[in-house]
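S.K.: Based on the sequences and whatever the hints tell you, model everything.
2 protein chains.
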Amino acid sequence: MKNNETVLLGHGSGGRLSHDLIHNLFVRYFRNDILLIQGDSAVLPVIHGTICLTTDSFVVDPIFFPGGNIGNLAIAGTVNDLAVSGAKPEYLSAAFILEEGFPMSDLEEIVKTMAEEASKAGVFIVTGDTKVVERGKCDKLFINTSGVGSLLPDSEGIIAGKNIKIGDKIIINGFIGDHGMAVMSARNNLQINSPVESDCACLNGLISDALQFKSAIKFMRDATRGGLGTVLAELCHHKPFGINLLEEAVPVRENVRGMCELLGFDPLYVANEGKVVMVVAAESANSILHIMQQHPLGKESAIIGEIMEHHAGKTWLLTSIGGKRIVDMPAGEQLPRIC
Amino acid sequence: MKNNETVLLGHGSGGRLSHDLIHNLFVRYFRNDILLIQGDSAVLPVIHGTICLTTDSFVVDPIFFPGGNIGNLAIAGTVNDLAVSGAKPEYLSAAFILEEGFPMSDLEEIVKTMAEEASKAGVFIVTGDTKVVERGKCDKLFINTSGVGSLLPDSEGIIAGKNIKIGDKIIINGFIGDHGMAVMSARNNLQINSPVESDCACLNGLISDALQFKSAIKFMRDATRGGLGTVLAELCHHKPFGINLLEEAVPVRENVRGMCELLGFDPLYVANEGKVVMVVAAESANSILHIMQQHPLGKESAIIGEIMEHHAGKTWLLTSIGGKRIVDMPAGEQLPRIC
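Residue numbers (my numbering), protein chains in the order written: chain Y, 1 to 339; chain L, 1 to 339.
A couple of the hints might just be wrong.
No copy labels: a pair is met if it fits in one copy or bridges any two.
Stated by the list, open to error - In silico DSBU-like pairs for lysine-lysine, Cα to Cα no more than 35 Å straight-line: (1) Lys112 to Lys137; (2) Lys162 to Lys88; (3) Lys120 to Lys218; (4) Lys137 to Lys162; (5) Lys88 to Lys112; (6) Lys137 to Lys218; (7) Lys120 to Lys88; (8) Lys112 to Lys162; (9) Lys299 to Lys137; (10) Lys112 to Lys239; (11) Lys112 to Lys314; (12) Lys137 to Lys165.
Since the hints were made in silico from the structure, they are not lab data.
M.R.: In structure tokens form, the structure reads like this:
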């Protein structure tokens, strides 16, 4: 790519410019045998067992932020949606909506990041699409990734959380709020002494380790938009159990806590892009915690609460000063375009 | 939905507004057992055989046009990408990027159209995503649909067109250019005596009929962006054969021809959303044509050309006045945002 090149409307035309962009950029970085066939669909090698399908569009603003960019976010988001469903992420599609005039060098940087993240996670980008809209009709670029994975044997119950019982423990794999505050600091160009980096990461390796205790894992969800608080509020919504959450046990970095206080956010509702919340059987909680702590993405894993009989349908936070308050689903939007 | 409601940033937050939108709109219209589980991924019933995956984002402007809207376009586009690959379209994802302030009644109309089109095509929308961006940061709404289908037995060769031979015939299932001119007339608010309607339609039924002659079908592609001309130019690009296209045989409606002349477009490059181009063995061409003509979406099917030995890598158009010209891939963009 030449330095001065930008995206033209013709790159989305389906004609020669589209053809060149596909060959010189997407196929070059995403290169794999399935993608190379370039039919209207990708023909996947036989997948054994039950298949999971997921989709996510990414509109994060800004597109580059400390710890990543929209590219690895788009890979991690979809990989994680499959992994928390108890599936092995295998194949991804990548669809780009580009604004006319977008710098080709930025696009290349993002595509390169996507390729690296996909390779780390062991998934293949096998099909794609590119549309270009006129200047001012979208904000730089939006990416959709959809993903196909194979459900691991005996994982059917995890998605719906059907086997959750009173006394089950809640685990998270580390610090909350990093992604949201990293994007906020980039968005507002904040000068911070100890800058926050996004936790954006593919969790399929960590989750695969934890799934050695598959029968003890009742539910998993990645705490993205809406944060940990929304996951827990949703988890017990209309259910015959409540959740007890211990504020002291929830890992929050000092700089994230500081930024949240400064800007008026509650870390419980700030987005993460590399955090999985698990509900696990009490008797296996410590073993699962231990195995997660051995993984680079789970060093700070912690048991942060439990499923309780009282207050069915509600999540209660026990604050560090001994208070109690309900963790509700937020009505509106704390941080638009965080992912 | 109340008439005065509009999309708010909070509808993309992952919180309560998102939750309500999903339940009251998407789940209500797309309703099926798989979607209702609402995990991070959809768990699909066992699919036998090889799986195909495809993705497409839709950014058509305007979003409502004669003969359809962005909703049925998003379903037909992805269904057709699977069908022309020799796959049975089965499950779709639907991801929405919405502009803050977009009328909820328009969104409902579009979602309703998607549900109807999916039902007609016999596919299920099993998972989705909604993002909202601030006013002015996207143009009303963009939709991504990704799709999973099962490759029909003995269809492996169709995607790559590996079995194409000299003498094979080229078939199209009817009039070209309808979609492009319908969108153009809506975009420019043209007052035309005989208005053009988009040909937007799911072709899986028609293609399934034609596949009774599966061994004779060498290649299929839906002629969308870039039109029939681009499909043919791409088909023989770097191949050891050329294509002979007979202008007189290519079906073009009078009003489409008129609009193209008026506006300076070549119908060969105008987008279709319900047209499949097939390369078939000469000896079965008439039988396939006959069976296609029995289908409501194939009444005007025609043999429009053939694979030739000369001029390898090029498509030649024999014009109705006896001239000859090369049909090349268009460099730039004839009609931005046609799909």
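S.K.: Each hint needs a verdict: does it hold in this structure or not?
M.R.: To see whether the hints hold, each was checked on the structure:
For the identical chains of this complex, Lys112 and Lys137 are neighbours both inside a copy (25 Å) and across copies (25 Å), given an alpha-carbon limit of 35 Å. For the homomeric pair Lys162 and Lys88, the shortest alpha-carbon distances inside one copy (20 Å) and between copies (32 Å) are both at most 35 Å. Only within a single protomer do Lys120 and Lys218 lie at most 35 Å apart by alpha-carbon distance; the minimum there is 27 Å, versus 38 Å between protomers. Taking CA atoms no more than 35 Å apart as the test, Lys137 paired with Lys162 passes in neither setting, with 44 Å inside one copy and 40 Å between copies.
In this assembly of identical chains, the alpha carbons of Lys88 and Lys112 lie at most 35 Å apart whether taken from the same copy (23 Å) or from different copies (33 Å). Within a single copy, Lys137 and Lys218 get their C-alpha atoms no closer than 44 Å, and across copies no closer than 40 Å, so neither meets the 35 Å cut-off. For a Cα distance limit of 35 Å, the shortest separation of Lys120 from Lys88 qualifies both inside one copy, at 14 Å, and across copies, at 32 Å. In the homo-oligomer, the alpha carbons of Lys112 and Lys162 lie at most 35 Å apart only across protomers (31 Å), although the nearest pairing inside one protomer, at 40 Å, exceeds that limit.
Taking the closest pair of Cα atoms, Lys299 and Lys137 never come within 35 Å of each other, the shortest separation being 43 Å inside a single copy and 39 Å across copies. In this assembly of identical chains, the alpha carbons of Lys112 and Lys239 lie at most 35 Å apart only when taken from different copies (30 Å versus 43 Å within one copy). With identical chains, the CA atoms of Lys112 and Lys314 are at most 35 Å apart between copies only, with a shortest distance of 34 Å across copies and 43 Å within one. Taking the shortest Cα distances, Lys137 and Lys165 never come within 35 Å of each other, neither inside one copy (49 Å) nor across copies (45 Å).
The structure fails hints 4, 6, 9, 12 (numbered hints given earlier, in ascending order).
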